[in-house]
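Chemist: Please dock the two separately framed chains into a single complex, following the hints provided.
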Amino acid sequence: KNQVEQSPQSLIILEGKNCTLQCNYTVSPFSNLRWYKQDTGRGPVSLTIMTFSENTKSNGRYTATLDADTKQSSLHITASQLSDSASYICVVPSFSGGYNKLIFGAGTRLAVHP
Amino acid sequence: SAVISQKPSRDICQRGTSLTIQCQVDSQVTMMFWYRQQPGQSLTLIATANQGSEATYESGFVIDKFPISRPNLTFSTLTVSNMSPEDSSIYLCSAGQGTTEAFFGQGTRLTVV
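Quick mapping for you: the protein sequence lines, in order, are chains E and A.
Each step along the first sequence adds one to the number in my numbering, with nothing skipped, and position 28 is 28.
Each step along the second sequence adds one to the number in my numbering, with nothing skipped, and position 29 is 29.
So here's chain A without its partners, still in its complex pose (with noise of 0.2 angstroms):
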């Protein structure tokens, strides 16, 4: 098994600024995730975060609203950039290994003010 360590837990920004959140996983794993969960909603995948090249995002965002970063096989940020009211939301990190098991971290909630 994996522990993910997401942080901050939860977070108040003021709409135009910027909040980067880190990703720690205990174990290398190839795979990490960034999703986001709006109230009373399913997770949605934001993008695959990639180790040593640019992530890989789904439709609907873009490099330039969440920027990611994967240094290494344990750690990544995601970057929510110049928020709105819009963006709040939970912010979850997952990491897994393809075919096995998916483990989250227990989520960043973002709301903006």
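Excised from the complex, chain E in its bound form (with noise of 0.2 angstroms):
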């Protein structure tokens, strides 16, 4: 079965600090990996995309990294910023039925306080 997982669900850092969100994968076949960003109450949006061969890629504070063979990626945020609370999402398109269905995870909460 298709599935992401995310871990951990809550996160709460002092801003400043440094942060690693983790997603585990099983959609097969592969394509590419996402991360989303999603403020309260605001549609999610794009941090990075990742194909089979990427292995790192960054966004500024954030940093995503790929492993294929082991089917896990993780999110890097560096310096957090107040700004940076949000739900981040790790997304997996599973081709299914003629076009790329969108396999979500259940995110992980990030708390950043002063």
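Calculated directly from the structure, the hints in this document are not laboratory data.
Honestly, I wouldn't trust all of these hints.
Computed list of lysine to any residue pairs in SDA-like fashion (alpha-carbon distance at most 25 angstroms, straight line) [claimed, not checked]:
#: 1; chain 1: E; residue 1: 71; chain 2: E; residue 2: 5
#: 2; chain 1: E; residue 1: 1; chain 2: A; residue 2: 40
#: 3; chain 1: E; residue 1: 1; chain 2: E; residue 2: 22
#: 4; chain 1: E; residue 1: 101; chain 2: A; residue 2: 41
#: 5; chain 1: E; residue 1: 57; chain 2: E; residue 2: 27
#: 6; chain 1: E; residue 1: 101; chain 2: A; residue 2: 66
#: 7; chain 1: E; residue 1: 71; chain 2: E; residue 2: 109
#: 8; chain 1: A; residue 1: 65; chain 2: E; residue 2: 102
#: 9; chain 1: E; residue 1: 101; chain 2: A; residue 2: 77
Modeler: Below is the structure:
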């Protein structure tokens, strides 16, 4: 069964600290993995898209890693800011019925405190 | 990239009534999707809005409850029919081209009283 699992479910850190969020997937065949940030009351916004051949990809203070062999990804946030407080969702497309259907993780709810 | 405008952003509705949510994309897109997000949960796909044909619904969602229109490649509507408090949720429109990036509207927060 195609699944995406994220950990931890929630996380509290102090402003300025770093943190790492985890994502494990069982989706096959694999095409890409995406990390989204969802602020409360808003739609998800893309942070990174990683394909099979990419191991690391950065977007400002966000760095995503991908290990396609172990089917694991991580999202590292450096020097956290209060505005980083949000849910971070790992998403992997699953090809089904002639098109890619997105498989969503449950998300990690991050709270950055001053 | 694509910019998606979704409205209304929020609404409070009486049970038994219906609400139509509109989704406008600033460019033509092949695929449009409708999702539901319960509080504290991740997104659940309701259906794929197909241009010129009937929407494709996921298990647990039916056309009578969630009729969808897709008159062209930039616009779609989702109607939540005969609402009950259990329909209180965030409804999100999404557009994407398959293997490429998916973009999301800002969501419609629906409360049924």
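Chemist: Hints the structure violates: just list their numbers, smallest first.
Modeler: Per hint list: zero violations.
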